[in-house]
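Got chain A sorted already, so can you dock chain E onto it with the hints?
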Amino acid sequence: MRSIIRFIVRYHVAILFLILESVALFLIYEQKTFHRQKMLAATLNISDRIEEEFSNMTSYFELGTVNDSLMAEMARMKMKVQQGGDGKLEPAWRIDTLDSLIYRFIPARVIKSEYTAFNNYIVIDKGSLDSIHPGMGVTSNYGVVGIVVSSSPHFSRVMSLLHHDIRISARLAKNGQLASLVWEGHHPQLASLRYLTYPSPVAVGDTIVTAGSSTYFPKGELIGTVEKKELEPGADFYKITVKLSTPFDRLHYVYLIENTLQKEQQNLEDGL
Amino acid sequence: MKINVLRLSFQLLSLVFLQVLVLNKILLFGYATPMVYPLFILSLPVNMPRWFELLLAFFMGLLIDLFSNTGGMHAFSLVLLAFIRPVILTIMSPKEGYDPGEKPSFYRQGPVWFSVYIALTLFIHHLIFYILEIFSISYTSYIIERTLASLTFSFLLILLIEVIFFINPKRARL
Chain A
1 MRSIIRFIVR YHVAILFLIL ESVALFLIYE QKTFHRQKML AATLNISDRI EEEFSNMTSY
61 FELGTVNDSL MAEMARMKMK VQQGGDGKLE PAWRIDTLDS LIYRFIPARV IKSEYTAFNN
121 YIVIDKGSLD SIHPGMGVTS NYGVVGIVVS SSPHFSRVMS LLHHDIRISA RLAKNGQLAS
181 LVWEGHHPQL ASLRYLTYPS PVAVGDTIVT AGSSTYFPKG ELIGTVEKKE LEPGADFYKI
241 TVKLSTPFDR LHYVYLIENT LQKEQQNLED GL
Chain E
1001 MKINVLRLSF QLLSLVFLQV LVLNKILLFG YATPMVYPLF ILSLPVNMPR WFELLLAFFM
1061 GLLIDLFSNT GGMHAFSLVL LAFIRPVILT IMSPKEGYDP GEKPSFYRQG PVWFSVYIAL
1121 TLFIHHLIFY ILEIFSISYT SYIIERTLAS LTFSFLLILL IEVIFFINPK RARL
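Protein sequence lines correspond, in order, to chains A and E. Residue 189 in our numbering sits at position 189 of the first sequence, with consecutive numbering throughout. If you want our numbering, it's the 1-based position in the second sequence plus 1000.
Next comes chain A alone, as it looks inside the complex (with noise of 0.2 Å):
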């Protein structure tokens, strides 16, 4: 017994430091599975509120920029309206206005944006009290942002589409082709497209939109632009940089999509 004691005493930091870093390596795994999600919900709130003072007083600075966005929807809005609801935003294949009321979107203010990490999330102020739940689509007037992975009663965290883990059907504007959108982790914003098949008529510029397959996303909400274009000789798939048209620097307010029959879709896919 003695001889312990004195071990302790000897060893005493050494031991320390090892206790620390094994808790700490615990907190990095529970952080890293999936699960751990939820239950991150009860202990973000102290530092978002803290986050959610500073957003508060930032964010008269950025209300010009602000402004300008919103104004610029209003005048695409606008557009569609007159176009009666579908036009040259699409050009080779259509959206059905018909299920156009499965969607349901509830607008929401950023407090707090990541993207200079390698997994990147966004912490919005509306939570389950506001009926935000796990598994519904983020969007914003730029472009798609990411999908909800947690809610505490007044906050929730966003994956956001700079999280390596996120994958987005996709589809080229111009003839519907069906792709999958991954980040890689480099710049915040650009992204890589994979699983376009060649041979396509893709060019630099063209507009990627989501693909609706998912129940997160309705059809053509926009992701981005072909930046840069590769093909290896013998290659069945192109190799497409995407920039982002979402700033994830810059993000203020979100639309979250909740799409009423997301269940019965899982469902129905789950059984097959």
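Treat the hints with care, as some may be off.
What the hints assert, rightly or not - Lysine-lysine pairs mimicking DSSO-like chemistry, simulated, CA-CA at most 27 Å apart:
{"id": "1", "chain 1": "A", "residue 1": "K126", "chain 2": "A", "residue 2": "K263"}
{"id": "2", "chain 1": "A", "residue 1": "K32", "chain 2": "E", "residue 2": "K1025"}
{"id": "3", "chain 1": "A", "residue 1": "K174", "chain 2": "A", "residue 2": "K228"}
{"id": "4", "chain 1": "A", "residue 1": "K228", "chain 2": "A", "residue 2": "K263"}
{"id": "5", "chain 1": "A", "residue 1": "K126", "chain 2": "E", "residue 2": "K1095"}
{"id": "6", "chain 1": "E", "residue 1": "K1025", "chain 2": "A", "residue 2": "K243"}
Stated by the list, open to error - Rough simulated footprint, nothing fancy, chain E against chain A, three-plus residues with beta-carbon under 8 Å:
{"id": "7", "region": "19 to 31"}
{"id": "8", "region": "179 to 188"}
{"id": "9", "region": "239 to 248"}
As the list claims (entries may be wrong) - Partial chain E-side listing against chain A, Cβ under 7 Å, derived:
{"id": "10", "residue": "L1027"}
{"id": "11", "residue": "G1030"}
{"id": "12", "residue": "W1051"}
{"id": "13", "residue": "F1058"}
{"id": "14", "residue": "G1072"}
{"id": "15", "residue": "A1075"}
{"id": "16", "residue": "F1076"}
{"id": "17", "residue": "E1133"}
Think of the hints as simulated: they come from the structure by calculation, not from any bench. Glycine residues also receive a C-beta, built at the ideal position from the N, C-alpha and C atoms.
Coordinates of chain E only, in the frame set by chain A:
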């Protein structure tokens, strides 16, 4: 040894808030995010009890993790930094040793000594942090790029903070 609790907590909190509210939002050239909060641990007195240093580092790291949603990555790398700091201090110790209660600083030990000290310790801290954050062998080159880019940025910022905010003892006595 007397520890000025008020001063210590003020330094800790101001560095945490500087990191969380300002520096974490910077991404220079798509790579570099400065991390200056290790300065707090790095400028503790040399004869600080080691267990206390470790606890302080853990607490500060957790505080930053809480705000930046990184689990325990900052805590892990900062505790490691606090653990190896005495080793590096011993290796770099001057011939006549340190005065009791001496704090490593730009003015006291001189620019060259201080730069080497900061660069060495920060390199280990940044490398461990990015390894933990990215955690993938296929991104090795990316880890190294980010480490070096952020290291340069943090290094310059720390020197700047040190020159601006810490009192020059020689001048203060005049």
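field: Holds or violated: K126 of chain A to K263 of chain A, with C-alpha atoms at most 27 Å apart
entry: holds, 21 Å
Status of the A1075 of chain E interface restraint (C-beta, 7 Å, chain A): Status holds, d = 4 Å.
message: Closer than 8 Å Cβ to Cβ for three or more residues is the test here. Does the region 179 to 188 of chain A pass it with chain E?
response: Coverage by chain E holds for the region 179 to 188 of chain A (4 residues, Cβ < 8 Å).
- prompt: Per the CB criterion, is F1058 of chain E less than 7 Å away from chain A?
  reply: At about 5 Å, which falls below the 7 Å cut-off, the nearest Cβ of chain A leaves the hint on F1058 of chain E intact, so it holds.
message: When I compare C-beta atoms, does the region 19 to 31 of chain A have three or more residues closer than 8 Å to chain E?
response: Held - the region 19 to 31 of chain A has 11 residues with a Cβ nearer than 8 Å to chain E, which meets the minimum of three.
query: Given F1076 of chain E as an interface hint, is the shortest Cβ-Cβ distance to chain A below 7 Å?
result: holds, 4 Å
task: Answer holds if the nearest beta-carbon of chain A is closer than 7 Å to that of E1133 of chain E; otherwise answer violated.
output: holds, 5 Å
field: Closest C-beta approach of L1027 of chain E to chain A relative to 7 Å, hint status
entry: Result: holds, 4 Å to nearest chain A Cβ.
task: Starting from K1025 of chain E, check that the Cα of K243 of chain A is at most 27 Å away, please.
output: With Cα atoms ~20 Å apart, K1025 of chain E and K243 of chain A stay inside 27 Å; holds.
query: Taking the closest Cβ pair, is W1051 of chain E under 7 Å from chain A?
result: holds, 5 Å
message: So if I understand the rule, the pair passes when the alpha-carbon distance is 27 Å or less; does K228 of chain A with K263 of chain A pass?
response: Not OK: K228 of chain A and K263 of chain A at ~37 Å, beyond 27 Å, violated.
query: At a threshold of 7 Å, is the proposed contact between G1072 of chain E and chain A supported by beta-carbon distances?
result: holds, 3 Å
The earlier numbered hints that this structure contradicts are 4, 5 and 9.
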